[in-house]
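Engineer: With chain A held as given, fit chain B onto it using these hints.
Protein chains in written order, with this note's numbering: chain A, 9 to 211; chain B, 3 to 268.
I should point out that these hints are in silico values taken from the structure, not numbers from a laboratory. Even for Gly, the Cβ is constructed at its ideal location relative to N, Cα and C. Certain hints may be false.
To give a feel for the contact side, a few chain A residues facing chain B, derived at Cβ under 10 Å [claimed, not checked]:
1) 41
2) 67
3) 82
4) 87
5) 104
6) 169
7) 188
8) 192
9) 206
As a list, the in silico EDC-like pairs of lysine to aspartate or glutamate whose alpha-carbon atoms are at most 20 Å apart [as the list claims (entries may be wrong)]:
10) 100(A) / 43(B)
11) 104(A) / 256(B)
12) 100(A) / 37(B)
13) 41(A) / 173(A)
14) 10(A) / 137(B)
15) 101(A) / 113(B)
16) 212(B) / 113(B)
17) 128(B) / 176(A)
18) 87(B) / 157(B)
19) 104(A) / 113(B)
20) 212(B) / 157(B)
21) 100(A) / 36(B)
22) 128(B) / 173(A)
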Amino acid sequence: MKFFIALLVMGILTQNFTLSKFLGICPFLGVSKKLNTALGMSAAVIFVMLIATAVTYPVNMLLINYDLEFLQTIVFILVIAALVQTVEIVLKKYVKSLYNSLGIYLPLITTNCAVLGVVILNIDNISIYSAYNYGFLHSMINSFAAGVGFMLAMVLFAGVRSRLETADVPRFLQGLPITLIAASIVSVSFLGFAGLVEGMGLM
Amino acid sequence: MTQIIYAVVIVAGIGLLAGLLLSVLSKLMAVKADEKAQQIEEILPGANCGACGFAGCSAYASALSQGETADTGLCAPGGNETSKKIAGIMGLASADIMPMTAVVCCKGSRDKAETKMIYSGVQSCKLASQLFGGDKSCTYGCLGLGDCARACPYDAILLCDGIAVVNPSLCKACKVCVNTCPKNLIELMPKGHLTAGVLCKNHDKGAKTKKDCAVGCIGCTKCVKACPNNAITMDNFVARVDNSLCTACGACSEVCPTKAIDLIKL
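One chain only, chain A, in its complex shape (with noise of 0.2 Å):
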């Protein structure tokens, strides 16, 4: 339980995925600008990393059952792009506004170095927290526990977008410049929280 609650924490504050690992920046900069769709990009991207575990685990599995490890990286990418185009005809059938207000970045998520990096990482995680019998339901909720930071790091930045909208930025330094320091210092923020696993005495 202990390790469970440790995996939330380091997903969502002290190794998150946007902040320190800068994973999934271009969504970050592209879609935060307002909270709806902000919101609506991070729910897929739960979605999408959840169900890319789920399936990426077993495939995992038969990689390595046939000594073809070095193969992850392809695999992986040919099964995330297959659900996100799953993802994409569900919603353009069913949740069309949302389709509309996500546009490009909903097939961005393909190539979402996030979703690929959650995978990865789980499967170098088994190795490295074997002692924690570290496997499919760990792999899961550090899945979900990085999807729910992506969502605060863009909630987050939503945020402070809306406050520079009003802003007065000097010329020079206005759109992107601007925004992009704006990510730096809210993702300096984020070492406040370094130490807080091992500070909690959950690991």
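Structural biologist: Just chain B, lined up with the frame of chain A:
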């Protein structure tokens, strides 16, 4: 050798499975695409400016194809050509569109208009105008903080000497700036021919206008009397030109004491 075969079989197998899943899903979940709407959307400029009154180009296209509107000439940026093409697809008669351009009706740059206070708040016309109507003595004038320039999807508006100026060759008359300006200073005028225009919207009485701005319309009615075609009327201390009657003779700008009325070619 066997490893290579396994690798090929596994990757190909997963690919095949994924492909099958997707093709089945795309058949099951197919959303009927509207062919006419797609054709129209390809013709439309794709700027999503909203000049047509719909949420965007695709919304206008689907409204046309589903018969919600039969007006093919609503797309101002596309102009006549787009209107004709849409009419061709829909089998409708095309409406003729007069090419228009937006004009900022204020000439009161900072050297001509008086300033009543130093404004150092948020650089936005909308917010500045809520604080005593902005930092100009004239409460009708252009604040020059560039809300319209930021809103313009075509980058057609520049800020010169503290007022906004529209570049007619870039302007597509999409009306985004018209709706953005908190002072309602921007109007659409026909493009391409010489006409008299009053670039002032100050409705104050002459004496106050004269104190506030060197180029404001003081409502003296000299132009109304000078116009041989009766094209000029007074509207609450501001002269207004009826473009359909104006012959661009220039009699009005000769008598105007502040040169607020002038011949302009857009």
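Engineer: Would you mind marking each hint as holding or not holding in the structure?
Structural biologist: Tested hints:
1. Interface restraint check for residue 41(A): the shortest CB-CB distance to chain B comes to about 14 Å, outside 10 Å, so the restraint is violated.
2. The interface hint given for residue 67(A) holds, since its Cβ lies 7 Å from the closest Cβ of chain B, which is under the 10 Å cut-off.
3. A distance limit of 10 Å between C-beta atoms decides the matter here; for residue 82(A) the minimum to chain B is near 7 Å, and the interface restraint holds.
4. Interface restraint check: residue 87(A) against chain B, minimum CB-CB distance 7 Å, threshold 10 Å, status holds.
5. The beta carbon of residue 104(A) comes within 8 Å of a beta carbon in chain B, closer than 10 Å, and the hint placing it at the interface holds.
6. Using the Cβ-Cβ criterion of 10 Å, the hint placing residue 169(A) at the interface with chain B is not satisfied: the shortest such distance is roughly 15 Å.
7. Hint status for residue 188(A) relative to chain B: violated, with the closest Cβ pair at about 20 Å, above 10 Å.
8. Among the interface hints, the one on residue 192(A) is violated; its C-beta lies about 24 Å from the nearest C-beta in chain B, farther than the 10 Å criterion.
9. At a threshold of 10 Å, the smallest CB-CB gap from residue 206(A) to chain B is about 40 Å, leaving the interface hint violated.
10. With a C-alpha separation of about 18 Å, the suggested pairing of residue 100(A) with residue 43(B) holds against the 20 Å cut-off.
11. At roughly 60 Å between alpha-carbon atoms, residue 104(A) and residue 256(B) are farther apart than 20 Å, so this suggested pair is violated.
12. A C-alpha spacing of about 17 Å is found between residue 100(A) and residue 37(B), which places the hinted pair at or below 20 Å, so the restraint holds.
13. The hinted pair formed by residue 41(A) and residue 173(A) meets the criterion: a straight-line CA distance of about 9 Å does not exceed 20 Å.
14. With a C-alpha separation of about 61 Å, the suggested pairing of residue 10(A) with residue 137(B) is violated against the 20 Å cut-off.
15. Distance check on the hinted pair: residue 101(A) and residue 113(B) sit about 59 Å apart at the alpha-carbon level, beyond 20 Å; violated.
16. A distance of roughly 14 Å separates the Cα atoms of residue 212(B) and residue 113(B); the hinted pair therefore holds under the 20 Å criterion.
17. Straight-line distance between C-alpha atoms of residue 128(B) and residue 176(A) comes to about 14 Å, which keeps the hinted pair within the 20 Å bound.
18. A hinted pair counts as satisfied when its Cα atoms are at most 20 Å apart, and residue 87(B) with residue 157(B) does not qualify at roughly 26 Å.
19. Restraint check for residue 104(A) and residue 113(B): not satisfied, since their Cα atoms lie roughly 53 Å apart, outside the 20 Å limit.
20. Taking the CA atoms of residue 212(B) and residue 157(B), the gap is near 33 Å; set against the 20 Å cutoff, the hint is violated.
21. Proposed proximity of residue 100(A) and residue 36(B) is supported: the alpha carbons are some 14 Å apart, at most 20 Å.
22. For a cut-off of 20 Å, the pair hint linking residue 128(B) to residue 173(A) stands: about 13 Å separates their Cα positions.
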